[in-house]
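Assemble the whole structure, with the sequences as input and the hints as a guide.
Protein chains: 2
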Amino acid sequence: MPISLYAISAGVFVRMLTNLEAILAKAEANAADRKFNPDNLVGMRLAPDMHTLAFQIQAATDRSKLFVARVIGQQAPAWEDNEKTFAEIKERLRKGLDYHKAIKAADLDGLEEKLIPLKIRGEEVQWAALKYLNENAMPNFYFHVTTAYDILRHSGVPVGKRDFTG
Amino acid sequence: MPISLYAISAGVFVRMLTNLEAILAKAEANAADRKFNPDNLVGMRLAPDMHTLAFQIQAATDRSKLFVARVIGQQAPAWEDNEKTFAEIKERLRKGLDYHKAIKAADLDGLEEKLIPLKIRGEEVQWAALKYLNENAMPNFYFHVTTAYDILRHSGVPVGKRDFTG
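As they're listed, the protein sequences go chains L and G. Following my numbering, the numbering of the first sequence begins with -15 at its first residue and continues without gaps. Following my numbering, the numbering of the second sequence begins with -15 at its first residue and continues without gaps.
Worth flagging that the hints you see were computed from the coordinates, not collected in a lab. A couple of the hints might just be wrong.
Pairs involving identical chains hold if they fit within one copy or between any two copies, as the list cannot separate such chains.
[Stated by the list, open to error] In silico PhoX-like cross-links for lysine-lysine, where the CA-CA straight-line distance does not exceed 20 Å: (1) K145 to K115; (2) K103 to K145; (3) K19 to K98; (4) K115 to K85.
Below, the structure is given as structure tokens:
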């Protein structure tokens, strides 16, 4: 059986965003335990010139959504990137997760060589879907999911790598 | 053309470890600019109960090496995890990179359904190579590469996501 493009893209997105959803739930419970407003987590960063937790959630859902939509040839749903509260970043994550859950293997499988028009660092290119996944969508997706986790761990949320890998 | 197991595993490991090598070079140059010993970076962590930069490099090279070796059915090279200096973590990364660079697509391609005996959270399982990659090796690999980057960014090293994605 050939390797399924779905299994190595949307399947991974569903899995990792589900894990991140459980991590956010632990972060919210920890804020209650420590008696601070979980909204305080939304703007946390690892460095003043790095992006916030809200941005990591926005980017993880965007990068993954755009890969799937572009490869299938769908219009990607537009999300406003205006999340400011913990409830709003949870809702943003849920929207990303719901988008990927609605994708069927048959929607993506076999499209690995389809040429996808992309703008990579200002240059218009046409990349095969598999190259787009391996060299752009997946590294970016994992970067933002991991950095969201790292921001929460740095903020004292008691999660471990088992929460990350699921 | 079916999706190549090599392209989605060792190919990704080579690419991301090469990017991480360039990030370490920038970290070393930055330490010189800021007039501190780069060895000081080796023990940096994002939280007192998280692992050090040295561990992230050890784990990234180990997780990726073990995937490839187990799927091919090779003995994985043993590395001691005793790196304490910046020169040593660079050398460890180089060993990991050299290991993956020596792998040929033909060594891995077609093995995606091979059952690999694994111990996952204390339980002996047999997972198809592709499941092992998607659910264990790749999330762990990206976790440690990203966290190495996040530790360095948090430590003030002037790198950006373009250094990460390459």
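Results for each hint:
In this assembly of identical chains, K145 and K115 lie within 20 Å of each other by CA distance solely across copies; the values are 18 Å between and 28 Å within a copy. Only between protomers do K103 and K145 lie at most 20 Å apart by alpha-carbon distance; the minimum there is 16 Å, versus 34 Å within a single protomer. Proximity of K19 to K98 under the C-alpha cut-off of 20 Å is found in neither arrangement, the shortest distances being 51 Å within a copy and 50 Å between copies. Proximity of K115 and K85 under a CA criterion of 20 Å is satisfied inter-copy only: 18 Å between copies versus 23 Å inside one chain copy.
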